[in-house]
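Chains Y and E, in that order, give the protein sequences. Note that numbering that gives the first Met the number 0 gives residue 154 to position 155 of the first sequence, counting from 1, and the numbers run on in steps of one. Note that numbering that gives the first Met the number 0 gives residue 18 to position 19 of the second sequence, counting from 1, and the numbers run on in steps of one.
Calculated from the structure, these hints are not laboratory results. Backbone N, C-alpha and C fix where the C-beta goes; we use that ideal spot for every residue, glycine too. A couple of the hints might just be wrong.
Claimed, not checked - Only some residues are given here: those of chain Y computed to face chain E with a beta carbon under 8 Å:
| no. | residue |
| --- | --- |
| 1 | Gln11 |
| 2 | Thr18 |
| 3 | Ala59 |
| 4 | Leu63 |
Claimed, not checked - What follows is a set of in silico ranges between Cβ atoms, one per label pair, in the way DEER data are often shown:
| no. | chain 1 | residue 1 | chain 2 | residue 2 | range |
| --- | --- | --- | --- | --- | --- |
| 5 | E | Ser185 | Y | Ala52 | 35 to 45 Å |
| 6 | Y | Asp48 | E | Ser185 | 26 to 36 Å |
| 7 | Y | Leu3 | E | Met180 | 20 to 30 Å |
| 8 | E | Arg70 | Y | Ala55 | 51 to 61 Å |
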Amino acid sequence: MPQLEMGDYAPQIFWLVVTFVALMLIMWSVGLPRIRRVIEARENKISEDLADAESAKGRAEAALKAYEEALAEARSKAHGVLAETQAKLSAEADALRAELDADLEARAAEAEERIQETRAQALASLRDVAGDVARAATERLVGTVPSEAAARSAVEASMGEGR
Amino acid sequence: MATTDNGAAGHNGDAHHGPLDQFAINRYVEIDLGGFDASFTNSALMMCVTVIIITLLTTVGMGRGRMVPGRVQSIVEMSYEMIARMLGDIVGGRGAQKFFPFVFSLFMFLLLGNVLGLIPYSFTFTSHIIVTLAFALVVFVGVTILAIVIHKHRFLTFFLPPGVPMWMAPLLVPIEVVSYMARPISLSVRLFANMMAGHSILHVFGAFVFVLSFAGVLPFAFIVALYGLELLVAVLQAYVFTILTCLYIRDAIELHH
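Just chain Y, with the same shape it has in the complex:
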């Protein structure tokens, strides 16, 4: 069994000590600090990026809040304008309606007046026509023509009765 060759122990131990001490020195001075630097740099980068993301999120939230505030303000302003316009429009409409009412009333009164006038005229001409008819009828029936005044008074009398 070669493992039990005592004569081979010395060179193995010698080179084990030499190589392992060399390895430890290299790791301690170069290798490990290098790896540690890289890992730390990555951790720093990650935490920095996380902080950046956090602040970006904060900014986005602030922007959203400002946007919502502006939106609410605009909405309330729009409501105001709408109510104002409605009030203005209804006032105008009221005014127009009132004007129209007055106009219509005036016209109705005028028309009434004309109707009365026409009626009076018609009544007046009716008397004339009735007198004429009465005279013509009398002439046919009696053969005499009554005077115009008589016919008129007779018509007046009968119309007065008829009323």
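Fit chain E to the known structure of chain Y by using the hints.
Then chain E, alone, in the frame of chain Y:
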């Protein structure tokens, strides 16, 4: 001469190639430091390759340290974070990171040593008890010194758990001492035996492939499956060694758990 894991050479002629010959130490360059044999061997070569690969991984492999890591960079960072988490979870916050260079080097060294050894014609230096025992003793002695420095004479209470009646002490203290002393042995034998057993079985079944000619497909399929298992064992044993080291460090710092 380099030995092999796949067992091909075991059958091709050389009668001396048994399953254990793959663990033989071969001296490439004879070096003598005042009577101390410091020859450059196949074991030393693999240790150097391991150190070079780990160095390349953690320097060139990390590239310019990109934010989104590539494959190699991901592997290196995962190993780093795994060890850092292991130390943080087991040893606990304060002072734990002092041991980080050692624990990280230990894990990477054993992991690469185990995995590189699975490449045919390479050599697994962790399959030698002397290497794993050296690591285990460094951990054991280091942890014991650490405990004595932190707790002074109170370190001895480690062998008598609190709340145990005094009459139990003659029984408990020897048990605790023996289990403490067994730590480096279990730690080193576990790694060495796992590596050696796996490689030996691979070699034995590799020889069967050639002996059985056409029926050799069966042991070949077995080797493929076993190779996957050995890969798992290689990673797992490096992990186990490291996590036990962390546990021992925690015991030294907290004394009672």
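Item to check | Which numbered hints fail | outcome: Violated hints: 3, 4, 5, 6, 8; rest satisfied.
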